[in-house]
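Engineer: Sequence order for the protein chains is A and B. One gets my numbering by counting positions in the first sequence from 1 and adding 20 to each. One gets my numbering by counting positions in the second sequence from 1 and adding 2 to each.
It is worth saying that the hints were derived from the structure and are not from the lab. Check each hint, because a few of them may be wrong.
In silico lysine to any residue, SDA-like type, Cα no more than 20 Å apart, as pairs [claimed, not checked]:
hint	chain 1	residue 1	chain 2	residue 2
1	B	Lys-168	B	Asp-132
2	B	Lys-157	A	Cys-36
3	B	Lys-97	A	Cys-36
4	B	Lys-157	A	Ala-35
5	B	Lys-97	B	Lys-157
6	B	Lys-168	A	Arg-39
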Amino acid sequence: MTHSDDVEHLAECSACRQRFAANVVPFDPAARRGREREFTSVAGRLERERDESSDVVARYLRDTPTDEWSRLAEMPDLRNNAALEQMSEEVRRRLHRNPREALAIANLSASIAESLAPSQYPSVVLAQLRGTAWKDRASTLRYLARYDEALEAAERGEEALAPFASLEHDRAVIRMVKGMILAQQERFEEASVILSECRQVFSDHGDRTRYVQAGLAQAGVMYESNLIDECRELLLNLLPHATADGDVATQAKIHSNIGYCEMRRDAFASANIHFSEAVAGFTDLGYTSEVARTERGAGLILVARGQLTSGLARLRDARRAFIAAGMTEDAGLCGLNIAAVLIERGDRTAARSLAQSIIEEFTAAGMNERAISAVATLRDAIDVDGATAETVNTVHAVVESLREDVRDATN
Amino acid sequence: MPPMAPEAMDDAPEDLRPLPLPCSVDENVFARIYEENCGLLVSLAVRKFQVPTVDAEALAHEVFLSYLRHAGEVRDLHHWLIGAICNASRYYWRKHGRNIEQLDTDIAAERPDPRSRNVLFDLPDSIALDEVLERMPPRWAQILRLRYLDGYSIKEIAEQQGVTSKYMQKLVGKCLHRAQEIFNGMRARKDQ
Chain A
21 MTHSDDVEHL AECSACRQRF AANVVPFDPA ARRGREREFT SVAGRLERER
71 DESSDVVARY LRDTPTDEWS RLAEMPDLRN NAALEQMSEE VRRRLHRNPR
121 EALAIANLSA SIAESLAPSQ YPSVVLAQLR GTAWKDRAST LRYLARYDEA
171 LEAAERGEEA LAPFASLEHD RAVIRMVKGM ILAQQERFEE ASVILSECRQ
221 VFSDHGDRTR YVQAGLAQAG VMYESNLIDE CRELLLNLLP HATADGDVAT
271 QAKIHSNIGY CEMRRDAFAS ANIHFSEAVA GFTDLGYTSE VARTERGAGL
321 ILVARGQLTS GLARLRDARR AFIAAGMTED AGLCGLNIAA VLIERGDRTA
371 ARSLAQSIIE EFTAAGMNER AISAVATLRD AIDVDGATAE TVNTVHAVVE
421 SLREDVRDAT N
Chain B
3 MPPMAPEAMD DAPEDLRPLP LPCSVDENVF ARIYEENCGL LVSLAVRKFQ
53 VPTVDAEALA HEVFLSYLRH AGEVRDLHHW LIGAICNASR YYWRKHGRNI
103 EQLDTDIAAE RPDPRSRNVL FDLPDSIALD EVLERMPPRW AQILRLRYLD
153 GYSIKEIAEQ QGVTSKYMQK LVGKCLHRAQ EIFNGMRARK DQ
């Protein structure tokens, strides 16, 4: 991370910090003491609230029906910084598995943050609370693919912080979400500018974790914009930061993404190395599903680039990994990817046998009858020599859409 | 073709997690943080970014207050505080309508643009000198004044500004380059 040389140095050298601060600027000692008192008293207050409110949000959420959560905004013991911090954590926990609940909590949090009395905290702290609440709402709406509303929420968060020069870090956290929303709206140029600015702010603050996060998001934008060399360069830049952070999962993710870039550059040997690094990282962490997904992604790309033998090998590894992880549906989908290649190559016997295995696996796992019958149709089509790769892809799409339906119903 | 590892885009960003503070509540710890760093932050705002002293004090105080919600996640206090005051100072000037470019290390400054080579001869010859300095960020103008109008050495200016001589040398190069750009822009407008 770079900054101005002297600023970077000042952060690390206490002698130079003292020298820099020692002269020139006169100040009013009484005023400074007054500010210091305010600072220590707010610090003490925030911490006391944290001590007194442990698990208060989890308790209320557990004891209140979901459709009544909005009424919790009136509870006095939820109307403080500690409770809002807990709500933010609850949003983060639910984002993946239950985004609708996450949204209800984010709405509750925004409603409390917006209605706190101005005298409750210093205005800069109040602005942070509001900014975080709106950012959580933006994140959740992004997750639910309600991008216009998500953007609006992010902008409300920015507005809350706008009067305060000192909140550039908080602003960058909100703008990182905004950048991700814009990316999903395919407004790649705007997204890239914002994410790049965020990276700079995080770097200035020594916030390596968010620096890498913003970088990964920007790399995604570059990849989508077909800026493959720039994307690869950025990912290579991020790697040492993730390593210094000791974040093996992110390192593996970065390796996987570099692998995709290398593939697009026809650098297959390098791509294989990076995919293998990613698989090794995920394996070390015991992330069996990520191992399988990485193998599948690499396999599909290799196949698409005409590298059929190595692509098939990766897809077979992926299928084995999915089966080992008990992910029958993914194993079946991966099997269908393999079957498409086999049919393309004219190896109908192997494709038919694979389709039969998938049917048996789906049946044993008690999966959706329509998925089983779709694969059975494929097997029968192979028998009468009427199946093409396109047929397999259609069956793949049917099985995948059934899974999406189940997910939607769950949420 | 499948998209790049989808998790790059789909993962929820890390949030401002409510991690515990680095130590149990001891207001003395916070008092010490304030005392040990307040002077530095104010000095940075005033000397690096020319923020008026009164505003610099207020900015530094805001930075301390904003730190409280991040205290649990900040790994390097000095890095964080210094980054925060520098960014706050830049934002301050953006809000006050002045474009403060960061006076950071720039390799280009070590290898001056050939267009800047004659700047010392061209600029003093021009009555536009004051106008050029007027249009520059205040700290840059001050550095050029000290160096070329008041005759201070690089070492003296570095000491005054609290930076190393090597760094000041780079800054002077960068300031000259910028002055040349402003001068060229003014000349082009006059020629039109």
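Engineer: Against this structure, judge whether each hint is valid.
Structural biologist: Here is what the structure says about each hint:
no.: 1; hint: B/Lys-168 to B/Asp-132; result: 27 Å, violated
no.: 2; hint: B/Lys-157 to A/Cys-36; result: 16 Å, holds
no.: 3; hint: B/Lys-97 to A/Cys-36; result: 30 Å, violated
no.: 4; hint: B/Lys-157 to A/Ala-35; result: 19 Å, holds
no.: 5; hint: B/Lys-97 to B/Lys-157; result: 33 Å, violated
no.: 6; hint: B/Lys-168 to A/Arg-39; result: 17 Å, holds
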